[in-house]
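Trainee: Take any residue in the sequence shown, count from 1 to its spot, add 1: that is its number in the numbering used here.
Take the hints with a grain of salt, since some may be wrong.
Computed cross-link-like contacts, DSS-like style, restricted to lysine-lysine with a CA-CA straight-line distance of at most 30 Å [claimed, not checked]:
| id | residue 1 | residue 2 |
| --- | --- | --- |
| 1 | 358 | 342 |
| 2 | 165 | 301 |
| 3 | 289 | 154 |
| 4 | 350 | 301 |
Using C-beta positions, here's what the derived DEER-type ranges look like [to be verified]:
| id | residue 1 | residue 2 | range |
| --- | --- | --- | --- |
| 5 | 345 | 529 | 49 to 59 Å |
| 6 | 405 | 259 | 25 to 35 Å |
| 7 | 82 | 518 | 45 to 55 Å |
| 8 | 405 | 165 | 34 to 44 Å |
| 9 | 498 | 233 | 48 to 58 Å |
Since the hints were derived computationally from the structure, they do not count as laboratory data.
For clarity, every value in this text was computed on a predicted model and none was experimentally measured.
Ideal placement from N, C-alpha and C gives every residue a C-beta, glycine not left out.
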Amino acid sequence: MDSSQYFKTLRETVQAALVTTTRTVNGLANEDLQFQRTANPGVGNHLDEKSERLLQLAGSLLKSAGNATGQKVSTLEDVDDVDIHWRGIVDVIDSLLEKADTCLDEYTGMIKRKDAPTPDAGRDPKRTKSTNSRLDWSMKRANILKPQDAFEKKVDNFDSGAWKPLLTKKPHARLSLEESLATFADEENTAQYRHPYENEILSMQYPSQVYEKREPKKYLPVETTTAIWVDTYEGVFEMLAELKQATEIALDLEHHDFRSYTGLLSLMQISTREKDWIVDTLVPRRHKLEVLNEVFADPKIVKVLHGAFMDTIWLQRDLGLYVVGLFDTHHACDILGYPGKSLAFLLKKFVDFDADKKYQLADWRIRPLPDEMFYYARSDTHYLLYIYDMVRNELVERSDRSNPEQDLIEMVVQKSKEVSLLRHENTIYDAVNGSGSRGWYNTLLKSPTLYDSGQFAVYKALHQWRDETARRMDESPFFIMTQQVLADIARLLPADPKALWSLLDSNARTLKVHLDELFALVQNAKASGANGPKMMDIFRRAPGALDKQAKATPEVDANVPAVEELRSGRSQLWGDIAMSSVWDGSTKAVSTKEKLEVLPAYHQFIQEVSAIAAATNGPASAAVSELPTAVPAPEKFADKEFTLKAGQKRKIDEREAESESEAESGSDDEMDLDEPTEPEAGSSNVTDAADDDEDSDQSSDAEEEEKPTKESKASRKLRRAAEKEESKEAKRLKKEAKAEAKKSEKEEKAAAKVAKKVARAAKKAAEAEEDEEEEGEKPFDYGNAESVLHPPRANGREYRGKKTFNPYTNKSGNAPKGARKLGHVKAGKTATFKK
C-alpha cells in the first residue's frame with residue numbers, strides 16, 4: 002500500500018476513535034454521578050474502580066509523552082494530584098502537540114527539514130520577508146543541551162577576584178603582554194587588571210581615509226552573494242587571510258544569557274566589501290579564535306560596529322579578542338543629531354531595508370541555525386560598511402578641523418576609543434549588604450513591597466540560594482527562580498510544602514526538584530530572622546552609600562575666612578527694613594566700602610519698572626507725587642446752616658419776607674451737595690460774626706417784648722426801621738462770605754479733579770506696561786466665571802438644584818411596590834437536564 006494512502010487511512014481511524022471517546026466523556030460529565038453514588042452504593046464502587054483505571058492510563062500516557070518531549074512528569078497517585086500537577090501536565094501535552102504538529106508538517110511537505118549548513122552549500126539567496134508576527138517560543142527558549150558543557154576551557158562562576166585577560170599572545174603590541182597585565186585599585190579599592198591594549202588604543206592614529214570624504218562604495222546585492230558559515234579551525238584561517246587584505250571590516254555579535262550565569266557569545270558576523278562570514282562561537286575549541294587578534298588589534302584596519310558597548314566586553318570575556326581602531330556608528334548618529342540611533346534606523350535611512358528585530362530575542366544557541374535567523378544575522382553587517390561611508394562623509398562635511406568644538410569626526414573617534422577601553426570584571430555579589438550587580442539591594446530599592454523582619458530574612462536567604470545554585474549549575478538566576486516567585490514566597494511565607502508548590506510557576510523545574518530543601522530554607526530563615534532587622538532599617542543605614550559619600554567629600558580648606566568677615570550689615574533680601582531691634586542697624590555701623598549688595602531679582606525688576614515709568618511720564622509723574630491728593634482725604638459732609646429767629650408779629654413786611662426767601666433760595670441753588678468741602682478760615686470767621694449779631698438781635702427783641710406797651714408807636718417804628726437796616730447789613734455780609742467760600746470750594750474741586758485725572762493716566766500707563774511685560778496674561782476671575790457643575794441651560798432656565806424631599810407629604814402613590822409572594826417550593830428529587 003502507498004504510504005500516503007496508509008497515512009490517510011490511519012488518520013481517519015484515529016480521528017473516528019477520538020471523536021467517539023470525546024462524546025462518551027462529555028456524556029458522562031453531564032450526568033449527576035454524585036447523586037447516583039449516593040442513591041446506589043453499588044454504582045459508587047464501580048465508579049471508584051473506573052476512576053482508578055483512568056488515572057493509571059493518564060499517568061502512563063503522561064510518562065510516554067514526557068519521554069518523547071524530554072520532560073519530567075510527576076506520578077499521579079490520586080485524583081488530587083491532577084490539580085496539584087496541573088501546570089506540568091499542560092506543559093507536557095502542549096509540547097507533545099507541538100511536536101506532533103511539526104512532524105505532520107514535515108511529512109506532508111508543508112515545511113522542509115532543516116539540515117546543517119555547509120560553506121559549499123551556502124544559503125537561499127532569496128530575501129526573507131519581514132513579518133510583524135511574534136517569535137515562536139521554541140526559537141525563543143530552545144530546549145537543547147547546553148553548549149558550554151562541551152567547552153574545553155570551562156568557566157569558573159565562583160571566581161570573585163580580579164578577572165585576568167585570556168590573552169596568550171599580543172599581536173601589534175607596543176607594550177609587551179607581561180607589562181600590559183599590570184594591576185591597579187579601582188573605586189572600590191579592589192585590585193583589577195589593566196586593559197591589555199590600553200597603551201596601543203590611546204596612542205594610535207586612525208588611518209587618513211577616516212578623515213576624508215570619499216565616494217561611498219555600494220554594497221553587493223544579497224541575491225547574488227552568499228554568506229559563509231565558519232565552524233572549523235581551518236575555516237577561521239581561510240577567513241583570516243582575506244580579512245588581512247581589507248582596510249575596513251564590519252563586525253556584529255549575537256549573545257545569549259538565559260541559560261548561562263555570565264552569558265554566552267553565540268555568533269559572530271564579519272563582513273568586508275566583497276564577502277560575509279557567520280562564525281560559530283559555540284564550538285568546543287572556541288578559545289582558539291584568539292588568532293583573530295591579528296586583524297582585530299591591527300590599527301591599520303578600521304573596525305565598524307554599531308553600539309559596541311557590550312560587544313567589546315563579550316569579545317574579551319569569551320574569546321580573548323580586543324578591538325583596536327573602532328568606529329562606532331551609534332556615536333556618529335548621536336553627534337549628527339539623527340532622530341534615531343538604532344541600526345534599524347540606519348538601515349531604513351540609507352538602504353531602505355526593514356530589519357525584523359523580533360529575532361533579537363531569539364535563542365542564538367540553536368544549531369543548525371534557521372534560515373530566517375541566518376539572514377537576519379547576515380544583514381546586520383552586510384550593509385554596515387556602506388552606512389559607515391555615508392555617516393563618515395556627513396561628519397567630514399560638518400566638521401571644522403581647526404576648531405576642536407566643531408570637529409565632529411574627531412569626537413566620534415574619541416568616543417569610539419573610550420568604548421574600546423572598556424574592561425570585563427567578575428560578577429560581585431554581597432549576600433549581607435546586597436551590593437554588586439547581582440545583589441538584592443538595588444532590586445528592593447525599586448520594590449513597592451515593605452518586608453518585615455521575617456519576610457526580609459527569607460528574601461535574603463532565597464536570593465543567596467538562587468545565586469549559589471545558578472553559579473553551580475551555570476544557569477541564569479532568573480532561570481532558577483523568577484523575581485516574581487522570589488517576592489511571592491518572601492511575602493506570603495508558605496506554611497507547608499504544598500503551599501510552596503502552588504507559588505512556583507510551570508517553568509520552575511529546578512525548584513520542584515529541590516522543593517524540600519527550599520521549604521526547610523524558608524522555615525529556618527523565618528525563625529532566625531524574626532527579631533532581625535527590617536528592610537527599611539537596612540535602607541536607613543545604607544553603609545555603602547555613606548562610605549561613598551564620605552570618600553567623595555572634599556577636604557576643608559584651612560584658609561577659609563572667619564564668619565565675621567563674610568557677614569553683611571544689610572540684608573540682601575529685605576534691604577534696610579528693620580525686622581527687629583537687634584537688626585535695625587543702630588547698634589553697629591558698616592561703612593559703604595564694606596557693603597557688598599546683590600539685589601534679588603524682584604528688587605531689580607521693581608527698580609527697572611520705576612525707572613521706565615519715570616522716563617515715560619516725565620514731569621507729569623513728578624507733579625502727581627507732589628499733590629496732596631496722593632494721600633486719600635477723609636470724606637467731607639455738608640454743614641448746612643440754619644437761623645433761629647425770634648418770634649414776631651403777624652403783620653410783617655411782605656417785601657422783606659420775599660427778599661429773604663429769594664436770598665435763601667439763591668444760596669441753596671449755588672451749594673453743591675455732591676462733593677461738600679469745608680470753607681476756608683477767613684470765611685468761617687465772617688459767618689460766625691454774622692451769627693453773633695443775629696443772636697444779639699434775637700435777644701434784644703425778646704427783651705423788648707417784656708417792656709410795657711405804653712411806649713409810643715412812633716418810637717417803635719423808628720426802632721424797627723433801625724433794626725431792619727442792621728439785619729440787611731448782616732445778611733449782605735453773610736451772603737458775601739458764602740460766595741467767597743463757594744469760590745474757594747470750586748477752586749479746590751477743580752484742583753482735585755486735575756490731580757485725579759493725572760493719577761488715572763499714570764495708573765493706566767503703569768497697567769499698560771505690566772500687561773506688556775506679562776505678554777497679555779490675565780489672572781482667571783473665579784468670581785465671574787460660569788459654573789462648571791451647574792452650567793446655564795440651553796433654554797435659558799437656571800439650574801435650581803435637586804428638589805428637597807419632604808417626608809410629610811403623601812408620597813405613597815409614587816413609592817416602589819413590594820415584591821410579590823413567592824410560590825411554595827414543592828418536594829421532589831433532583832434531575833440533570835441534558836442539552
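Trainee: I want to verify a distance hint. Is the separation of the beta carbons of residue 498 and residue 233 within 48 to 58 Å?
Mentor: holds (50 Å)
Trainee: Starting from residue 289, check that the Cα of residue 154 is at most 30 Å away, please.
Mentor: Measuring from Cα to Cα gives roughly 11 Å; hence the hint holds.
Trainee: Do residue 82 and residue 518 keep their Cβ atoms within the hinted range of 45 to 55 Å?
Mentor: At 21 Å between Cβs, range violated.
Trainee: Looking only at beta-carbon atoms, does the pair residue 345, residue 529 fall within the given range of 49 to 59 Å?
Mentor: Roughly 52 Å apart at Cβ, these two residues keep to the hinted range, so it holds.
Trainee: Decide if the proposed pair is consistent with the structure: residue 358 and residue 342, CA atoms, cutoff 30 Å inclusive.
Mentor: Holds - the C-alpha atoms of residue 342 and residue 358 are around 14 Å apart, at most 30 Å.
Trainee: Could one say that the CB atoms of residue 405 and residue 259 fall in the range 25 to 35 Å?
Mentor: violated (45 Å)
Trainee: So if I understand the rule, the pair passes when the alpha-carbon distance is 30 Å or less; does residue 165 with residue 301 pass?
Mentor: Roughly 27 Å separates the two Cα atoms, so the pair holds.
Trainee: Does residue 301 sit within 30 Å of residue 350, going by the straight-line distance between their CA atoms?
Mentor: Given pair residue 350, residue 301 holds - Cα atoms ~29 Å apart, limit 30 Å.
Trainee: Assuming the hint says 34 to 44 Å, is it satisfied by the Cβ distance from residue 405 to residue 165 or not?
Mentor: holds (37 Å)
Hint check: violations occur at hints 6 and 7; the rest are consistent with the structure.
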